[in-house]
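*Asks:* Listed below, chain by chain, are the residues.
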Amino acid sequence: MTISETRENPPDLIRLTDGTLLLRLRGDWLAGRLPLPLHDVEAAMEEKKPATLRFETEDLQNWDSGLLTFLIALKKLCGARGIAFGDGNLPDGARRLLALAAAVPEQPAGKGLLRPPLLERVADRALGAWKSAVDMLDFLGEVTLACGRLLTGRARFRRADLWAIMRECGADALPIVSLISALVGLIFAFVGAVQLSMFGAEIYVASLVGIAVVRVMGAIMTGIIMAGRTGAAFAARIGTMQVNEEIDALATLGISPVDFLVLPRIIALVLMMPLLCLYADLMGILGGLAVGVFMLDLNLGEYLEMTKLAVGLKDFWIGLFHSAVFGVLVALSGCLRGLQCGRSASAVGDAATSAVVTGIVNIIVATAVITVICNILGI
Amino acid sequence: MATTEAAIQVKDLTMAYGSRVIQRDLTFDINRGDIFIIMGGSGCGKSTLLRHLIGLQVPAKGSIHFGETDFWNLPPDDRQRFMRRFGVLYQSGALWSSMTLAENIALPLEEYTDLSKADIADLVDLKLALVGLAGFRDYYPSEISGGMKKRAGLARAMALDPDILFFDEPSAGLDPISSQLLDDLILELRDSLGATVVVVTHELASIFAIGNNCVFLDATSKTMIATGDPKKLRDESEDPLVRRFLTRGKAD
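In order, the protein sequence lines correspond to chains B and H. Numbering-wise (the working numbering), the first sequence opens with residue 1 and increments by one. Numbering-wise (the working numbering), the second sequence opens with residue 1001 and increments by one.
Source of the hints: derived by calculation from the structure; they are not laboratory data. All C-beta atoms, glycine included, are put in the ideal place defined by N, C-alpha and C. Be careful, since some hints might not be right.
Pair by pair, the computed Cβ-Cβ distance ranges are [as the list claims (entries may be wrong)]: (1) B:88 / H:1188: 14 to 24 angstroms; (2) B:183 / H:1073: 52 to 62 angstroms; (3) H:1080 / B:128: 41 to 51 angstroms; (4) H:1188 / B:119: 44 to 54 angstroms; (5) B:73 / H:1187: 22 to 32 angstroms; (6) B:255 / H:1191: 47 to 57 angstroms; (7) H:1191 / B:49: 32 to 42 angstroms; (8) B:167 / H:1012: 43 to 53 angstroms; (9) H:1011 / B:357: 49 to 59 angstroms; (10) B:42 / H:1012: 56 to 66 angstroms; (11) H:1138 / B:133: 22 to 32 angstroms.
All chains should be modelled from the sequences, with the hints used to inform the complete structure.
*Replies:* And the structure:
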């Protein structure tokens, strides 16, 4: 607000002989366009302290919340200086709103937005990390118990749910898995070809693509796709159920949410992931083959023969083992984050994000562990 | 026009989802300064009527006038601008959960006014104080109770100093005391702001406490079967359904 604007319609501040400061409100008093800045009144009070502040409002035209904020600030000033606040002449509505605004005193327990000291923050983080570790163990324990119930046939979930989830995370994922795996095969073939062609050994592109895709890459790529696709969906679905109190409703009926929601998802992913992985292997090999045959002019039969020579059944088993483990990890992280979800829209978003991150981190760590173990065992 | 007093005029309004008609031939006036109740049994289209009034759903037939303005015949941009004169309190508050109460109330002000940050902060404090939530500006919606959420929602609805306030089931999910406090607040705001208030509710206590005019929608005949002062309707209505509704089934 510039001075010229505020001076356009100066309300008069009049000192009466009985120690009253009279504030004449004229024209429009609208938010952001108040005719008189507060500090003018403050200055007048400073100059010579009046006993009472009164208003004259005959010429007041339109007013809105802007006038009210001004009056509230004035009232505070008067309160601080021991000046009586005479609201008698104010418009009826304004007077009632002022009273309403003052009806409930400001909560003394206002939330302190002060940052807690460093030590407290570190401790909070540490306790938080400890708690989330305990939560995770707790959850793993429950899932293990639920698996026990599943084996003894006492786990309660709906078979129809299981089929639906299997379709969602199996067949429905085929297009994206095809695309990504074929492209990964293709990329491997290109990268390998650049080096191998220097020795005139282009045919080994087939072995390279075959082993890489079948042994780990097929499983890792499906794992990551499923973490992004299905893990996030699990977390969002279960998180939304948490928001809607659907999980509480299950628990009240004596149905374990872990049995009902988590088990079918783990089963579905453990069954579907190896199948998807096999499919991804095939697509990866085809991607490599396309590069070999069309770009490197390799013979189709030769390429297939070379792939068959290079890739043993053992490699398939290792790949499938990877993918089954990833299935468990993706399902667990999705369901865990969903069940931990808070009760708001943003919490559901956080749960989905966290499920994807946890899923992918778990997949990479598990790959490293399995690779090291395989190495030690000499497989 | 004979009824220039009316703040809102609904004429021959038919509401439908596709070919499924919800209510037809609704004609009623809401006067300036009224607390107008939209009532009726569950599923009769009360909330749908509200969605038509606040511009979320297009009428299948008929018109809605606000003063002299034919609301649904405005070009979309003008209608959007016109809608800023409405304040709406949704059933569960509908506060944006990723923002603090202050940010919730400040958003409409930031979007539609060119007020300075300090002015907005003052206005936010004022609105929170009006609904009795002074000091809660930095709380998130998930940290306060259901009744407080409704009041915070009301503070947001009032952010732009609306001419017309709409309430969707203000007492749903509130205990009798909170619900009565909210009723008092609605009355007080109507009186001091001079606003027109439209309330969807089937809470009898509220209807008689605040309403001075109403429309009664019926699900079976798919149209309105009564309009007027709810207390009068309770005592004098010819229609047995209306009387039964307003006396909680005792008048038979």
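*Asks:* Where does the structure disagree with the numbered hints, that is, which hint numbers, in rising order?
*Replies:* When the structure is compared with the hints, none of them turns out to be violated.
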